[in-house]
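These protein sequence lines are chains B and Z, in that order. So for the first sequence, the numbering used here puts the first residue at 6; every next one is plus one. So for the second sequence, the numbering used here puts the first residue at 451; every next one is plus one.
Simulated pairs of lysine to any residue, SDA-like, Cα-Cα distance not exceeding 25 Å:
#1 Z:Lys-716 to B:Gly-71
#2 Z:Lys-716 to B:Leu-112
#3 Z:Lys-716 to B:Gln-75
#4 Z:Lys-716 to B:Leu-109
#5 B:Lys-68 to B:His-108
#6 B:Lys-68 to Z:Asn-711
#7 Z:Lys-716 to Z:Gly-621
#8 B:Lys-68 to B:Ser-26
#9 B:Lys-68 to Z:Glu-703
#10 B:Lys-68 to B:Ala-31
#11 Z:Lys-716 to B:Leu-111
#12 Z:Lys-716 to Z:Ala-686
#13 B:Lys-68 to B:Thr-13
#14 Z:Lys-716 to B:Pro-89
By construction, these hints were calculated from the structure, which means they are not laboratory data. Bear in mind the structure is a predicted one, so any value in this text is a computation, not a measurement.
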Amino acid sequence: MLEIRDLTVAYGELVALRQVSLSLGAGELLGVVGPNGSGKSTLIRAITRLVRPLGGDIHLDGKEAGRLSQRELARWAAVVPQNPYLPAAFTVLEVALMGRTPHLGLLQSEGRADLAVVRRALEQTDTWRLASRRMGELSGGERQRVVVARALAQGTPLLLLDEPTAHLDMGHQAAVFDLVRQLCRREGKGVLAAIHDLSLAGQYCDRLVMLNEGRIVGEGEPQEVLSPQLLASIYGTRVSVFPHPLTGRPVVTPMSEAARPGLEAKGSVGTLGS
Amino acid sequence: MKLFGSAARAEPLPEAAFSALLGRALWPRLALGLGVLLGVALLAAAIGPVAIPADAVARIVLSRLPGVSLADSLPQSWQDIVWEIRLPRVVIAGLVGATLAFSGATYQAVFRNPLADPYLIGVAAGAGLGATAVIVSPLDYTVGGLSLVPLAAFAGALTAVGLAYALARVGRTVPTVTLILAGVAISSIATSATSFLMINHNERVLTTLTWLLGGFNLSEWSKLWWVLPYMLPAAAVVLLYGRILNVLQLDEEQAQQLGVNVERVKLLLLGAASLATAAAVSVSGIIGFVGLIIPHAVRLLWGPDYRQLLPMSMVLGGVFLILADLLARTVNSPSEVPVGIITAFCGAPFFLYLLRVRQRAVF
Chain B
6 MLEIRDLTVA YGELVALRQV SLSLGAGELL GVVGPNGSGK STLIRAITRL
56 VRPLGGDIHL DGKEAGRLSQ RELARWAAVV PQNPYLPAAF TVLEVALMGR
106 TPHLGLLQSE GRADLAVVRR ALEQTDTWRL ASRRMGELSG GERQRVVVAR
156 ALAQGTPLLL LDEPTAHLDM GHQAAVFDLV RQLCRREGKG VLAAIHDLSL
206 AGQYCDRLVM LNEGRIVGEG EPQEVLSPQL LASIYGTRVS VFPHPLTGRP
256 VVTPMSEAAR PGLEAKGSVG TLGS
Chain Z
451 MKLFGSAARA EPLPEAAFSA LLGRALWPRL ALGLGVLLGV ALLAAAIGPV
501 AIPADAVARI VLSRLPGVSL ADSLPQSWQD IVWEIRLPRV VIAGLVGATL
551 AFSGATYQAV FRNPLADPYL IGVAAGAGLG ATAVIVSPLD YTVGGLSLVP
601 LAAFAGALTA VGLAYALARV GRTVPTVTLI LAGVAISSIA TSATSFLMIN
651 HNERVLTTLT WLLGGFNLSE WSKLWWVLPY MLPAAAVVLL YGRILNVLQL
701 DEEQAQQLGV NVERVKLLLL GAASLATAAA VSVSGIIGFV GLIIPHAVRL
751 LWGPDYRQLL PMSMVLGGVF LILADLLART VNSPSEVPVG IITAFCGAPF
801 FLYLLRVRQR AVF
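Only chain Z is shown next, with the shape it has when bound in the complex (with noise of 0.2 Å):
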């Protein structure tokens, strides 16, 4: 019986089987993906105590561009809530959403399980923590228009995630249990500091209090310079590694024998990702589950190439983020719930399903 003969010459692939077989259908999914998220935008810029036509909306940005006018027959109220109260709100949220959901992917794949995400893991209470730290002191904050609290923050986050996985490593692997373990006790420690500074500073205990509890109701247009300078090079860096996270699943022997620079790609994936959940942090507080639930439902839809889960994810998290504050501001109008309310009240029942499932079978 000859096996493995002597294989004969491949020949050519023809394009369409090229493209099938390596499962590369990344361009039409990510247009689909960004024009529900430019719908959202916009239903979500529409929807409020003042109902704003979806066109109209869509006027009011469009006119923003020079050379066009088409809201001056618009009332200038209209304007003012659209371009001024809420846009900047729904674009801040969509991009924490799409930031908190590329990094919990980045975690995922550099930590190879499935249940690592930024809250989990400790990264989320050490950035809460490095940016109350900041904001309780007596100096000011900002130094030549750009805030400190993120850096701060970014400190916090660096921190609790090199905590986390010296404190969750054995031997060669970080397993499940031990992870989720170390995430919840640095996640206490950093909670409960927090707290004491908050204590201690009783004028600025409603502002930090409001900002920890996470949401966007204090978004404007200034804050984007919060998060977009850590978050565009960030997502960069992670986009760009893609190949080399999915080289990564095997494990860690066989990506260095495959020629990964094991320990550099994981320093610097980790750093980019705790870098941008630190900017979402300094933002838009402490927002759980996103990075868990969004990572998780890309996989199931498209399977587990890196090189679109990572963009996938970056435009469903902007998604579920822009819906979920548009619910926390609706649901109980006039007052807010507080949009992490709503991640944990859809993200937990999916993070129990997670852990009750086998992982591996999707991971």
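Excised from the complex, chain B in its bound form (with noise of 0.2 Å):
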């Protein structure tokens, strides 16, 4: 569904992305990791062409993305910004309807289809009651949710997702990212999320490629790259990872300083399923 090829991007002298290659399937969830800076972000930007890649290419079904127009690419890939901002007089329905702009032409305005679909949308993200609520008078969650919402309402085979939950409670990363993955599931839809919170990324996502200073230094099951001695170097800091007591997968955190010497000695550093 979504194919990149030696994907390089700058912004002027520095380079954000090295010869990026990766596929995303219909169905899947592929988490992107990294350290800060790293080109999680930039690769979103660079698919739905708010920068021009230096070099390589980025095909969606085939297609290859630089030759659909900006519309073309909204009705392909949606997307959840980091940070968005979001006017505070607006009503959490009208931010929400805007998901539709790529689906109606300059005469239209929405109408009841648009307002259906728009209306699932916001169900699914726990937000219809808020519909007539402004924008300003929302949590950071609610706004989060609703931005998420407004993405559903593209109605677009591909979702990119750029920390979607970095402002929102556990209960409510959970509730996305389990939306998230039953978007994939049921409805087939390809997600790429940019993800911060690697123990997030290793609960849900079903491959992980991690970034560092923009090159792929690690791709594959999440318990392949989440690996204590990929994370060290990376983030530069000793981490223990181990395996969920009930999923097996992996779980990420640093540890203090204090405690690092005498586990060094120990050895208790170890790698999932050791």
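Join these two chains into a complex; the hints should help.
Printed below as a string of structure tokens:
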């Protein structure tokens, strides 16, 4: 569904992505992880053509993304940005309806069919009851869920999430990712999510891509990618990785400096499954 | 806890709930607004040194329709005063008010800045410079019946808005402070160049000065052709883009990710608003603050949706400037006050108010 080959992106002198290649299938949840400034957001910005790549190409279902119009692109891929500006005076319904923009011609306005799509999106994110509230009156978590609803209302096969749960509490983080996974499984959406929280990525993603300084330094199942050695070398701090007692998926926590020498001596920093 | 559980299929909403949710009550509002506009226009045509009853004004206007003769019993002088003197003035004031208001709303939307206004960001001064350059030049400034003045004003307006935007831009945003500073600087340059041109062409200084101060005392029906051919297409374009302007209020990246070709839309809409402003400036000189206060008044009254904000701004802008012009010619009768003084008197305090309150709350 999404195929990226040798993608290189630079902001002036600064190279943000170097020769990144990855693919994403329908119904798959791909997590992109890595430290701040590793190129996660740039990847999403390049797919939606906010930055022009220096080299490489992006294909959406076999079609070259660079040849699609902005409108066609927006019918392919919807984005949940990291910290979007939302005008305070617009209502939740108005903002969510903006998701229908790529489906409407200049002379059209939103009709009943659009409203039905938007209503379903708002119900899926538990924000339909807020429909007539103004954005300025919402909490951070509510705002973020409205943005997720707007992306769902776009009705795209591909969903790009840039730290979608960075401002949410644990309950809502889980709820958003449960919904995202459901969308993958039931509706066959392909989801690429840039995720800061490695444990969260480990719990939910089918596959992970680890970026560091614009390069892919690890790719595969969460158990393979989230190894203490790789994480320590990238994040510059010792971490401990252990399997979740119920799911067996990797949980990652940093270790305090005080705890390190003793643990090192005992050699208890294990890889998963070891 | 099942927070976002699988959502039940949405049932269709009843029609009333649908409209209410979307806040789509434009048509009744617009009808009311147009009614008020008509009433104010009749009132303005009735008031003056010679008082003429409003019903007589209505009869004189209706008699212009083919096959209607309701004004035969009225004195000829009344008919001349209403049709040849007052009405052109009222109609042009209304059109200019509508134009400045929708241009102001468009600048505010495109710059995503509540203080953008044709006057404050230097567009009007740029248009004034362009127009003055043509007026003082020895060339004949009409070609085939169409005046060159609006076109020269347009060139000046575009130059000014382009400069203001380029100078004020910091990265991807156009902050209020830099926009206003750039606008003030460009306005000063354009105004001083205009003064220089006038001083060097003494023979026309009175004409240009009277015109530049802003007002409708030189209005006649033929001036309609200075405004309408530019204002109508510009208004049509801007009104078509109401929904897209709403999307643009997010930010440029989100708008682009929602499928809007941001750069093209901005160019088109700034061009349209500048063309309309230039046409307005070329008939009535530089009238400040209409483009600032009217869209904000509409926003405070009916919310930020540009699909209703633009048409309602046009109606309210027309009403406001007709009333301002009525004041301008009556408060100090028989001499006239430049209408720009009246609009500044109402507008400047409002501008200060907007600077003080939290802008984002209404914008």
